[in-house]
Amino acid sequence: MADTLRPRDAKDVEVAVQSALAAAKTVEIVGHGSKRAIGRPAQTDLTLDLSGLTEVTLYEAEELVLSAKAGTPLAEIEALLAANGQQLAFEPMDYAAILGGAKGRGTIGGALAANVSGPRRIRAGAARDHFLGLWAVSGRGESFKSGGRVVKNVTGYDLCKLVAGSWGTLAAMTDVTIKVLPRPETEQTLLIRGLESAQAIVAMSNAMGSSCDVSGAAHLPTDIAARIPAQEIGGGAVTALRLEGFSASVVARKHALEALMKPFGELTTAEEALSRRLWTAIRDVTPFAAHASTLSPREGEPPLWRISTAPSRGLELTATIARSAQAQMFYDWAGGLIWLTLEAADDAGAALIHSAIRAFGGHATLMRAPASVRAAIDVFAPQDRALAALTKRVKESFDPQGVLNPGRMWAGV
Amino acid sequence: MSLVMPQPDEAVLARRERIVAALRTIVPGEGVIAAEREMRPYEADGLTAYRQLPMVVVLPDTTEQVSRVLAFCHAEGIKVVPRGAGTSLSGGALPLADGVLLGMAKFNRIHEIDFANRVAVVEPGVTNLAVSEAVEHAGFYYAPDPSSQIACTIGGNVAENSGGVHCLKYGMTTNNLLGCELVLMTGEIVRVGGKHLDAGGYDLLGIITGSEGLLGVVTEISVRILKKPDGARAVLVGFASSEDAGECVSKIIGAGIIPAGMEMMDRPAIHAAEEFVHAGYPLDVEALLIVEVDGPEAEVDHLIARVEAIAQSCRAVTCRASNSEQERLLFWAGRKAAFPAVGRISPDYYCMDGTIPRARLPQVLKRMRELSESYGLAVANVFHAGDGNLHPLILYDANKPGELERTEKFGADILKLCVEVGGVLTGEHGVGVEKRDLMPAMFSEADLNQQQRLKCAFDDKGLLNPGKVFPTLHRCAELGRMHVHAGRVAFPDIPRF
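Chains as they are written, first to last, in this note's numbering: chain A, 1035 to 1447; chain B, 1339 to 1835.
There's no promise every hint is true.
[Claimed, not checked] The calculated DSSO-like cross-link candidates involving lysine-lysine, where the alpha carbons are at most 27 Å apart (straight line), are:
#1 A:LYS1059 x A:LYS1426
#2 B:LYS1565 x B:LYS1704
#3 A:LYS1059 x A:LYS1137
#4 B:LYS1566 x B:LYS1704
#5 B:LYS1507 x B:LYS1747
#6 A:LYS1296 x A:LYS1045
#7 B:LYS1754 x B:LYS1738
#8 A:LYS1059 x A:LYS1045
#9 B:LYS1704 x B:LYS1674
#10 B:LYS1754 x A:LYS1179
#11 A:LYS1179 x B:LYS1566
#12 B:LYS1704 x B:LYS1589
#13 B:LYS1566 x B:LYS1674
#14 A:LYS1045 x A:LYS1137
#15 A:LYS1288 x B:LYS1704
#16 A:LYS1288 x B:LYS1738
#17 A:LYS1426 x B:LYS1738
#18 B:LYS1566 x A:LYS1296
#19 B:LYS1704 x B:LYS1754
#20 B:LYS1507 x B:LYS1444
#21 B:LYS1507 x B:LYS1565
#22 A:LYS1296 x B:LYS1565
#23 B:LYS1566 x A:LYS1288
#24 B:LYS1704 x B:LYS1799
If you are wondering where the hints come from, they were derived from the structure by calculation, not from laboratory data.
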């Protein structure tokens, strides 16, 4: 069991990394540990637990900015924003369903480090698009900042973008500033019944290519739709198109969207409450929930992949995979995000999936698999030689000794 | 010129003829320009106060040529300055006397328009407006719309992370890209992203965007295209004070409204614009706000009514909503012509660019008026009110001895003021050479060193656009050196907090 360090402030984080450097020890950075089972398994000498760094240090609703210490619970930030009629537009998912553990965990630092997002990604962007400023400690044990606290944040390189999605391999964030946005007044979801996946992709493409400002577009094939806890959506395949905004606007856009979608199939509407439950389930990938409530995925749990691809290529991609393995999947982001489980193979289907990605474009991340599998295969997208070399140099420019989350994304990074 | 650029390398200049000959073997015909007269058009960008002839101009036509030019320059230790349309207002494309100026103008093809995936794949020399024009027939457009969009190129937009009046709602360049092909200084070609969302690894696209040509040369870009909103309307509101205008902006956002555009002008800017284009702006107000909302008619009308009500509650002196597309465009005509309008009332003007927390606007304007008096130079302000991006225009006469120097000092004071109130040195024009020496006002040495270490990961010899962005150039070996930590760490053992 690795020794755990619990810094009380940013200075402690700096001292902790410097000490680790001096003692030639490696460090795993954790907040609540809600995403700890993603990535190559850590075998570090120390654990740096940032969950003690909690405080919203600045919130100016009318400036659309919020600053917080990196370990601040995401739930606390979301509650504060909701009380002020605002939200995190990138709609961060809750990993409890797919990875086990209690709901509602996760820190703002963790959400940014993993560049999380949800169904609204297609309209509002991911965490990286709302990340305005940071203070962090590099793997050199030096505190640095980037960005600022204004919506147009960047002077110099936009290091926030790079740190977002770097899974703690570049720096330990201590303070972050994010852009926050108004919470829509209301939402409704137009449901199209019984579409084959191919038709659904076309329908979603048409919807996204309209001026209806769709903020969620997902297709749940029959076997998946049956697992959605919102029973009212009924049986059969469901294609869901979400409209959010001022109520007059939602009503007007729904009429326009209905006219556009009528040729595809039977239409029904999920009103606000049902719509919210449906999109929470899609966001949290509850159809592929882990059966265990322990934190680490158990042996025998089917591997779960998250694939991002061009929406129009998604179907060919999944068909290719399904020809060689028993697979189940559903589509978010108008077909561009595929959540896919398949029968457990020794490599969790990695060879099959990576080869399909090479053929159709995109990238895949293994979101759930036993540690032994994650240690043996590419959990994140494999890289060609030039990109891998550049990635390694970028890592070294922040963390030359490889002390921060070494090997979490790729061996040697 | 007070600007100090990196010392030209005499050894490189001495080899000029051989270098030109070698470049001609890579880029044939007229793609290599070495005659002084023909290089003249490249001696400056939009920041015309600074001029420098390059050693040679190269206009490659293919990614392979770019790769070979960069590999050659890397091997020979020759500096390279990339250039798009040369509309930079911060001197980002200012040539170096011993450098190759790499003009990307020939990369002007649109490779693919993919409506099903809502992506356009274009070369970097395509102008911003041309992307929107190429997809207009299907009712689509490319959202970032910098005011130079007729001339500026997508490659330059990537380098500067350009915005525009609509970026509060639709994002800056960085929020509208999906992928790119990048040539590193070594000549290596790296592909990042594609038609899918998010990177599979580090967000290199995010770091390339806004890197001002210091990390690599982009040769292909995939941008997101959007369906045009059904309609748009604007409200023109006059206020007796900038405080009232600022309060109105805050209340609009506080009401959960994110306008498609929200622009503010101060009295001098209003007067200059009105005199120039006769947009019907009120002349007896201190601040003018243009608030535009877009979407379906029901939404637009609903929001216009709410914005009007908020404006009244903030003591608006005048308030007019556009009732036709023609009227909406007229409201914008004055704002869009603000720079040339100011150009008419003064022999020269210097366009500044900084960002402040919006609530600090009255304080910043007041201090700016004081500075204006003490420097004896007039200033007009246009302001992207939604995102806090301020464009003060300092009026001066370059023919009066010392006035340019005084203007630059005034400008530097304004930018320092932006940082002082919690803002940043730039909004959308980049750092370039213009604000390079002000970077320490915002960043510590540790901050800047970390940024430069990242540059080393892309450009180990520091050959790509040196002298821009960073006030002090360090060698990569020096930056990479780890200083003894063990000696100065308080706890030689692992601490327990």
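So, going through the hints one by one against the coordinates:
1. As the CA atoms of LYS1059 (chain A) and LYS1426 (chain A) are separated by approximately 20 Å, the hinted pair is consistent with the 27 Å bound.
2. For the proposed pair LYS1565 (chain B) and LYS1704 (chain B), the alpha carbon gap of about 41 Å is over 27 Å, so the pair is violated.
3. A C-alpha spacing of about 32 Å is found between LYS1059 (chain A) and LYS1137 (chain A), which places the hinted pair above 27 Å, so the restraint is violated.
4. For the hint linking LYS1566 (chain B) to LYS1704 (chain B), the alpha-carbon distance of about 39 Å lies beyond 27 Å, and the restraint is violated.
5. With a CA separation close to 34 Å, the supplied pair LYS1507 (chain B) and LYS1747 (chain B) exceeds the 27 Å bound.
6. Note on LYS1296 (chain A) and LYS1045 (chain A): the hinted pairing is violated, with a Cα-Cα distance of about 60 Å set against a maximum of 27 Å.
7. Restraint check for LYS1754 (chain B) and LYS1738 (chain B): satisfied, since their Cα atoms lie roughly 25 Å apart, inside the 27 Å limit.
8. For the suggested pair LYS1059 (chain A) and LYS1045 (chain A), the alpha carbons sit about 19 Å apart, so the restraint of at most 27 Å is met.
9. At most 27 Å may separate the alpha-carbon atoms for a hinted pair to count; LYS1704 (chain B) and LYS1674 (chain B) meet this at roughly 24 Å.
10. Only pairs whose Cα atoms come within 27 Å are accepted, and LYS1754 (chain B) paired with LYS1179 (chain A) is accepted, the gap being roughly 18 Å.
11. Restraint check: the Cα-Cα separation between LYS1179 (chain A) and LYS1566 (chain B) comes to about 37 Å, which exceeds 27 Å; the hinted pair is violated.
12. At most 27 Å may separate the alpha-carbon atoms for a hinted pair to count; LYS1704 (chain B) and LYS1589 (chain B) meet this at roughly 22 Å.
13. Restraint check: the Cα-Cα separation between LYS1566 (chain B) and LYS1674 (chain B) comes to about 20 Å, which is no more than 27 Å; the hinted pair holds.
14. A C-alpha spacing of about 31 Å is found between LYS1045 (chain A) and LYS1137 (chain A), which places the hinted pair above 27 Å, so the restraint is violated.
15. Simply put, LYS1288 (chain A) and LYS1704 (chain B) have alpha-carbon atoms about 47 Å apart, too far for the 27 Å limit, and the pair is violated.
16. Distance hint between LYS1288 (chain A) and LYS1738 (chain B) is unfulfilled; the C-alpha atoms sit about 62 Å from each other, more than 27 Å.
17. For the proposed pair LYS1426 (chain A) and LYS1738 (chain B), the alpha carbon gap of about 54 Å is over 27 Å, so the pair is violated.
18. A distance of roughly 22 Å separates the Cα atoms of LYS1566 (chain B) and LYS1296 (chain A); the hinted pair therefore holds under the 27 Å criterion.
19. Restraint check: the Cα-Cα separation between LYS1704 (chain B) and LYS1754 (chain B) comes to about 15 Å, which is no more than 27 Å; the hinted pair holds.
20. As the CA atoms of LYS1507 (chain B) and LYS1444 (chain B) are separated by approximately 32 Å, the hinted pair breaks the 27 Å bound.
21. With a CA separation close to 14 Å, the supplied pair LYS1507 (chain B) and LYS1565 (chain B) stays within the 27 Å bound.
22. A threshold of 27 Å between alpha carbons decides the hint, and for LYS1296 (chain A) with LYS1565 (chain B) the separation of about 20 Å falls inside it, so the pair holds.
23. Of the pairs offered as hints, the one joining LYS1566 (chain B) and LYS1288 (chain A) holds, with about 17 Å between alpha carbons and a cut-off of 27 Å not exceeded.
24. Only pairs whose Cα atoms come within 27 Å are accepted, and LYS1704 (chain B) paired with LYS1799 (chain B) is rejected, the gap being roughly 45 Å.
In this structure, the hints that do not hold are numbers 2, 3, 4, 5, 6, 11, 14, 15, 16, 17, 20 and 24, in rising order.
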